[in-house]
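Keeping the supplied structure of chain H fixed, place chain P upon it in accordance with the hints.
Residue strings, one per chain:
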Amino acid sequence: MEIITISKFNNNKGLNDEDEEMEDVSNNDQIVTPGELITEDTVWMRGHGTFALGNKTYSSVAGTILKVNKLLSVKPLKGRYTPETGDHIIGRVIEVGNRRWKVDIGARSDAVLLLGSVNLPGGILRRKSDTDELTMRNMLKEGDLLNCEVQSLFQDGSASLHTRSLKYGKLKNGIFLSVPRSLIIRSKNHSFVLQGNVSIILGVNGYIWIYKTPTVDNRLKTDSTASTASKLQSGVMGRQSGYQVGSGSVSLTRLEEESSWEIYSDKNDENISDAIRSNIIRYRNAIQALAHSQIGINESRINMAYEASMAYGSLGSLTEPEVMENISNDVLNGEKMRGS
Amino acid sequence: MSFSVSEKDYLYQSLSSKTPIRPDGRKSHQLRGIEASINFLPNSNGSSRIRLSDGSEVIISIKSKVVKMSTLADLIELDLTIDNLRDDLTFISDWTNILRNSLLRNFADKFECLKLTTRYYFKLYVDVLFLSSSSNARTTKTDTSFLQNPLSMISFGIYLALKSTRLPLLISNSNDKDIEELPTFNDDWSSTVLLYPQDEDEEIKENNTTSQNSSSPPLLFVLSVVKNNLFIDPSIEEQEISDCGLVIGWCSGKVVSPIESLNLNQSGSSEYIKGMHGQNIIEGIKMIENVAATVSKGLDEIVKDGNNSVFMDSIF
Numbered sequence: 001m002e003i004i005t006i007s008k009f010n011n012n013k014g015l016n017d018e019d020e021e022m023e024d025v026s027n028n029d030q031i032v033t034p035g036e037l038i039t040e041d042t043v044w045m046r047g048h049g050t051f052a053l054g055n056k057t058y059s060s061v062a063g064t065i066l067k068v069n070k071l072l073s074v075k076p077l078k079g080r081y082t083p084e085t086g087d088h089i090i091g092r093v094i095e096v097g098n099r100r101w102k103v104d105i106g107a108r109s110d111a112v113l114l115l116g117s118v119n120l121p122g123g124i125l126r127r128k129s130d131t132d133e134l135t136m137r138n139m140l141k142e143g144d145l146l147n148c149e150v151q152s153l154f155q156d157g158s159a160s161l162h163t164r165s166l167k168y169g170k171l172k173n174g175i176f177l178s179v180p181r182s183l184i185i186r187s188k189n190h191s192f193v194l195q196g197n198v199s200i201i202l203g204v205n206g207y208i209w210i211y212k213t214p215t216v217d218n219r220l221k222t223d224s225t226a227s228t229a230s231k232l233q234s235g236v237m238g239r240q241s242g243y244q245v246g247s248g249s250v251s252l253t254r255l256e257e258e259s260s261w262e263i264y265s266d267k268n269d270e271n272i273s274d275a276i277r278s279n280i281i282r283y284r285n286a287i288q289a290l291a292h293s294q295i296g297i298n299e300s301r302i303n304m305a306y307e308a309s310m311a312y313g314s315l316g317s318l319t320e321p322e323v324m325e326n327i328s329n330d331v332l333n334g335e336k337m338r339g340s
Numbered sequence: 001m002s003f004s005v006s007e008k009d010y011l012y013q014s015l016s017s018k019t020p021i022r023p024d025g026r027k028s029h030q031l032r033g034i035e036a037s038i039n040f041l042p043n044s045n046g047s048s049r050i051r052l053s054d055g056s057e058v059i060i061s062i063k064s065k066v067v068k069m070s071t072l073a074d075l076i077e078l079d080l081t082i083d084n085l086r087d088d089l090t091f092i093s094d095w096t097n098i099l100r101n102s103l104l105r106n107f108a109d110k111f112e113c114l115k116l117t118t119r120y121y122f123k124l125y126v127d128v129l130f131l132s133s134s135s136n137a138r139t140t141k142t143d144t145s146f147l148q149n150p151l152s153m154i155s156f157g158i159y160l161a162l163k164s165t166r167l168p169l170l171i172s173n174s175n176d177k178d179i180e181e182l183p184t185f186n187d188d189w190s191s192t193v194l195l196y197p198q199d200e201d202e203e204i205k206e207n208n209t210t211s212q213n214s215s216s217p218p219l220l221f222v223l224s225v226v227k228n229n230l231f232i233d234p235s236i237e238e239q240e241i242s243d244c245g246l247v248i249g250w251c252s253g254k255v256v257s258p259i260e261s262l263n264l265n266q267s268g269s270s271e272y273i274k275g276m277h278g279q280n281i282i283e284g285i286k287m288i289e290n291v292a293a294t295v296s297k298g299l300d301e302i303v304k305d306g307n308n309s310v311f312m313d314s315i316f
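Heads up: the sequence lines are chains H and P, in that order.
Residue 280 in full-length UniProt numbering is what sits at position 280 of the first sequence, and the numbering runs on without skipping anything.
Residue 41 in full-length UniProt numbering is what sits at position 41 of the second sequence, and the numbering runs on without skipping anything.
Next comes chain H alone, as it looks inside the complex (with noise of 0.2 Å):
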C-alpha cells in the first residue's frame, strides 16, 4: 500500500484539486515498517531511513515518516539517540582535548563540552585563562558523569554541551544507569527529587542518575533545579529555621562562590545511610522493571513502580523477570484506575 500521496505542499504554488484532496491522507504520524513501500513518486529525495528499488521509496526502518521540502526521511522509533538543543542530558567524558571535552551521549557522534561551556572554578563572570585550559583534567577527566544541557548542533548532526547554569555539572553520591533512549518520555522537567531522600536525573538519551537528595542546606545554595514540590519543601524549612537572605532566590554572587573547585569534586558524601543507598537500588530496579516491560519512564510511573516494589521485600528478587512484569502491570493498572 502506498502511503504518500501527495506530491506537493499546500505551499507550493501549482498545487491542483486532486491533490488537496488527498492531503488528508498523509500525515506525519504515520508509521511504516522496514520494507514497507512509502511512495511511487519520484519527486521525493530520498533521506535517511528509506532505500529505492526503481522508481519506489521503500521504509528500511521501522519508525515515522518525516518530509522536510522535497526531503523524505523516516525517523527511527528506536535506535541511538539523536540530540536536539535544549534537550537536557546526562555525558560520560571520554577524552579530554584541546579546550574541549569528548562525551559520550549514546548518539551517533559523541557529542563535544567546550572549555567555554563550563562553570569555570572560581565564577561564572570570569574569562577563561591559559591555566584553565591546563588545568582541564582537574575539572573533569576521563570516565566522569555529567549533567548537561545540548547548546547547538553541527552540521553532522553531533552536538554541542553546556554545563552553564548550577543545575548542570559532574554527578556525584549515587548510581548510573542506562535505559533505550526511547522509553524515556520527554517532558519539561528532567530532574525529580522523589520520595525516600532520592533524586533522579532522566536523561533524554536514556542515560539516568539516581543519587542521593542534596541536604536542605546545600540544596538552597547549588540546586535550582528543584521541581516545585522541592521549592515548597525548602520554603517550609527554610520558615522553620527564620528568614535567611536570598534563601528563596538565585543571586550572582552566590553563583560565584558556588563555582569553585568543589563543585568538580570526586568527593561522595560521607553520610549516606544504608537505608538511602537500599532506596536508591529499589528505584534502580524499579526503573529496569518498567525498561524490561518497554513502559515509557517517567516521574509518576517510576513512583508508582517504586511502590509496587515495596510488595517485594527483599531486593534482590525485584530482578526476576516475573517480579518486573507484575509491577509493570501494577503501574499499567494503576494508570487505568486513575484513567491518566
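It is possible that part of the hints are untrue.
Unchecked claim - Stretch by stretch, here's where chain P covers chain H in the computed footprint (C-beta under 8 Å, at least three residues): (1) 42–56; (2) 168–177; (3) 267–275; (4) 280–286; (5) 319–330.
Claimed, not checked - Not everything, but these chain H residues come out facing chain P in the computed CB check (under 7 Å): (6) Gly-143; (7) Asp-144; (8) Leu-145.
No lab work stands behind these hints: they were computed from the structure.
Backbone N, C-alpha and C fix where the C-beta goes; we use that ideal spot for every residue, glycine too.
Frame of chain H; chain P shown alone:
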C-alpha cells in the same frame, strides 16, 4: 572508557559495608537469572545457549571425532571466541586454560565414556562463543574495559551442552587388541547414547555403585571479593571495584580445583586491586557449597526438558 571516580567510590562504600548492598540489589549469594536452551544446533553432538538479562549470550557446540589414542589430555579441545576480540589476548588464553583444565581434571569416568576400543577414542571439540552485551558500547575492538568475566556463564553452558551430548552407537567389535579394524557406528540418531546418562530411573539413584555414572561436568563460580564481603556472579560494576576475584570449581557434589584468584578488573586501573585474605577463600568455598547444588539441579531440569522436547525429533 571507565567509571567515574565518584561512581566507583559509591559502589565500593556500598559493597564494603557491614550490610552490603549490591548495585542490582541481589543478595551476596544470589546469581543473575539466565535463560537457557539446549540442542538447538542440528549438526553438532550437543549444544547449548545461555542468555543473561543484560543481553550477553553464550553459545556452545560440542562435536566429536574418532581419533587414534595418544594421551588423555588431547581428548578435549576447547576453543573460546569472545565478540570480535583477537584470540591471542592474554586473558582469553587464561580463561581457555581454566575452562579446559577444569574439564580435563573432572571429566566423567576418567574418560571411560569416550573410549571406543582399545585403540580408538572419541575426541570432543568444545567451541564456545561469548557475545558480550557491551560489545556495542565499546569504542574499539581492543577496548576490553567493559567486558564482564564470562567464566561461570560459560561453564554453565558447557555443563548443559555436555549433558545433552549424544554420541553414535558403536556396532563393531569393541575389542580390537588382536585384529585391528576401523570402528563402525549405527547411523540412526535415535539410537545414540548420551555422554552423561540421565538418571531418570529412581533405581539408579538408590544404587550407590552406579553413582559414578551420575557424575556431572564441572561448574565454575566466580566470586568478587570486597574487603570481607564476597559476591557471587559479579556484575561489571562489581568487578571494576573488587579487591580481587576468586574462581571456584564444583563437581558432583563437592568443591574441586580450580580454586584460584583472578583479576576481575578489565579496565586495568589498579587503584582497587588489593588482594584478599585467606579467610575469604574459606568463606567462598562455604558459599559455593551452599549454592552449587541448587544451580546444578536447576541446570539438570533444563536438560531434562530439552532432551524430551519435540523440537529435537522434528529435525531428525
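May I ask which of the numbered hints given earlier this structure violates, with the numbers listed in increasing order?
1
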